[in-house]
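Using the sequences and the accompanying hints, generate a full structural model.
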Amino acid sequence: MGAVKPETIRVEYAEFHPRWYRPPVSVYWWLKQRQYLTFILRELSSVFVALFVVMTLFQLWALKKGPEAYAQFQQWLQSPLVIALSIIGLFFVVFHSITWFNLTPSAMPVRLGGKRLPAFLVAAPSYVAWAVVSAIVAWLVLR
Amino acid sequence: MARQSNEAFFWVLFSAGGVVAALLIPVQLFLFAIAFPLGWLPAPSYEHLMALVRLPLVRIYLFVLCCLSLFHWAHRFRYTLYDGLQVKHLNEIIFTLCYGGAVIGTMVAAYLLWTIA
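Respectively, the protein sequence lines represent chains A and B. FYI, the working numbering numbers position 79 of the first sequence as 82, with every residue one higher than the one before it. FYI, the working numbering numbers position 81 of the second sequence as 83, with every residue one higher than the one before it.
Rather than coming from a laboratory, the hints here were simulated on the basis of the structure. Predicted model only: the values in this text are computed from it and were never measured. Treat the hints with care, since some could be wrong.
[Claimed, not checked] Okay, derived cross-link-like pairs now, EDC-like style, lysine to aspartate or glutamate, Cα gap no bigger than 20 Å in a straight line:
id, chain 1, residue 1, chain 2, residue 2
1, A, 35, B, 85
2, A, 67, B, 49
3, A, 35, A, 46
4, B, 90, B, 9
5, A, 68, B, 49
6, B, 90, A, 71
[Claimed, not checked] Here chain B is said to cover these stretches of chain A; the calculated rule only asks that three of the stretch's residues, wherever they fall, bring their Cβ under 8 Å from a Cβ of chain B:
id, segment
7, 94-103
8, 112-120
[Unchecked claim] So the derived label-pair ranges between C-beta atoms look like this:
id, chain 1, residue 1, chain 2, residue 2, range
9, B, 18, A, 86, 27 to 33 Å
10, B, 98, A, 123, 23 to 29 Å
11, A, 16, B, 102, 25 to 31 Å
12, B, 58, A, 81, 44 to 50 Å
13, A, 74, B, 94, 28 to 34 Å
14, A, 30, B, 53, 47 to 53 Å
15, B, 117, A, 38, 27 to 33 Å
16, A, 85, B, 117, 21 to 27 Å
17, A, 114, B, 17, 34 to 40 Å
18, B, 62, A, 27, 48 to 54 Å
19, B, 109, A, 16, 38 to 44 Å
20, A, 64, B, 102, 18 to 24 Å
21, A, 113, B, 49, 24 to 30 Å
22, B, 8, A, 146, 39 to 45 Å
Glycine included, each C-beta is placed from N, C-alpha and C at the ideal position.
See below:
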């Protein structure tokens with residue numbers, strides 16, 4: 004390369020951004036470890052939370068229209084595809100509840116006498132509240 | 003992306019929605035979408051449900067449940083797309099679709115619950 008004159012060499016300098024270096028991450032990074040997958044599944048539970056609201060809105064709409072529309076709505080809920088989606092949805096919303104309650108000890112550490120309460124004692128009241136609230140809702144609906 | 007000052011507000015909605023959804027959705031989904039359609043439990047009559055929905059407290063309950071759950075979804079789903087798919091360039095569209103959807107859903111819930119009885 005000694006024969007090339009310096010003025011003929013074109014050099015393009017990259018701007019120096021030391022803080023910009025980030026190793027490229029695959030779009031499928033969340034498939035690489037079980038914890039990552041659990042994290043994404045937890046986040047995706049929100050989709051089923053939204054779908055539940057959509058179902059509730061349809062239910063209210065059917066109730067508003069009258070008994071016939073409501074019977075149709077009930078029939079729609081009985082179709083195999085909707086049942087399958089409901090079962091998947093139940094899995095996800097229960098997953099959301101459990102992960103949410105288990106986060107309480109990290110989000111709100113409770114101290115008693117200078118010592119941190121064990122995580123399960125902080126999460127336990129949430130589970131009790133869950134059971135009580137579920138029982139009240141079921142009682143009101145089934146009464 | 004939202005300005006930093008909005009972030010806390012959206013996070014409070016997300017977190018309140020998370021609590022409401024965690025406590026209330028499993029039992030309702032189990033009853034209405036699984037136990038009643040499959041005949042595991044006797045489904046409540048139309049009249050019974052209408053009587054429940056006529057109670058102002060039940061309507062407030064349903065409104066809060068729908069509204070906060072939707073804002074919970076909007077926040078979480080937005081960040082799932084952000085982290086999972088690395089679609090930074092679509093941030094503004096995703097923001098609008100998520101919160102826009104939550105606002106529309108809330109308005110539909112308000113309309114239905116206001117006019118149902």
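Against the structure, the hints come out as follows:
Restraint check for residue 35(A) and residue 85(B): satisfied, since their Cα atoms lie roughly 14 Å apart, inside the 20 Å limit. The hinted pair formed by residue 67(A) and residue 49(B) meets the criterion: a straight-line CA distance of about 11 Å does not exceed 20 Å. Straight-line distance between C-alpha atoms of residue 35(A) and residue 46(A) comes to about 17 Å, which keeps the hinted pair within the 20 Å bound. Restraint check: the Cα-Cα separation between residue 90(B) and residue 9(B) comes to about 17 Å, which is no more than 20 Å; the hinted pair holds.
Of the pairs offered as hints, the one joining residue 68(A) and residue 49(B) holds, with about 13 Å between alpha carbons and a cut-off of 20 Å not exceeded. Restraint check for residue 90(B) and residue 71(A): the C-alpha separation of about 47 Å exceeds 20 Å, so the hint is violated. Check on the segment 94-103 of chain A: 5 of its residues sit with their Cβ under 8 Å from a Cβ of chain B, so the three-residue criterion for coverage holds. Look at the segment 112-120 of chain A against chain B: 0 of its residues bring a Cβ nearer than 8 Å to a Cβ of that chain, fewer than three, so the hint is violated.
Between residue 18(B) and residue 86(A) the CB atoms are about 31 Å apart, so this pair conforms to the stated range of 27 to 33 Å. Checked against the hint of 23 to 29 Å, the pair residue 98(B) and residue 123(A) fails, with Cβ atoms roughly 41 Å apart. Distance hint check for residue 16(A) and residue 102(B): the Cβ-Cβ separation is about 44 Å, which falls outside the suggested range of 25 to 31 Å. For residue 58(B) and residue 81(A), the hinted distance range of 44 to 50 Å is not satisfied, since their beta carbons lie about 31 Å from each other.
Distance hint check for residue 74(A) and residue 94(B): the Cβ-Cβ separation is about 43 Å, which falls outside the suggested range of 28 to 34 Å. Between residue 30(A) and residue 53(B) the CB atoms are about 51 Å apart, so this pair conforms to the stated range of 47 to 53 Å. The beta-carbon spacing between residue 117(B) and residue 38(A), approximately 47 Å, falls outside the hinted interval of 27 to 33 Å. Against the hinted window of 21 to 27 Å, the Cβ-Cβ separation of residue 85(A) and residue 117(B) comes to about 26 Å, which satisfies the hint.
Hint check: residue 114(A) to residue 17(B), Cβ distance near 21 Å, so the stated range 34 to 40 Å is violated. One distance hint, 48 to 54 Å for the beta-carbon pair residue 62(B) and residue 27(A), holds here, with the actual separation near 49 Å. The hinted range of 38 to 44 Å is not satisfied by residue 109(B) and residue 16(A), whose Cβ atoms lie roughly 54 Å apart. The hinted range of 18 to 24 Å is satisfied by residue 64(A) and residue 102(B), whose Cβ atoms lie roughly 20 Å apart.
Checked against the hint of 24 to 30 Å, the C-beta distance between residue 113(A) and residue 49(B) comes to roughly 46 Å, which is inconsistent with it. Separation of residue 8(B) from residue 146(A) is about 43 Å and conforms to the stated range, judged on CB atoms against 39 to 45 Å.
The structure fails to meet hints 6, 8, 10, 11, 12, 13, 15, 17, 19, 21 from the earlier list, while all remaining hints are met.
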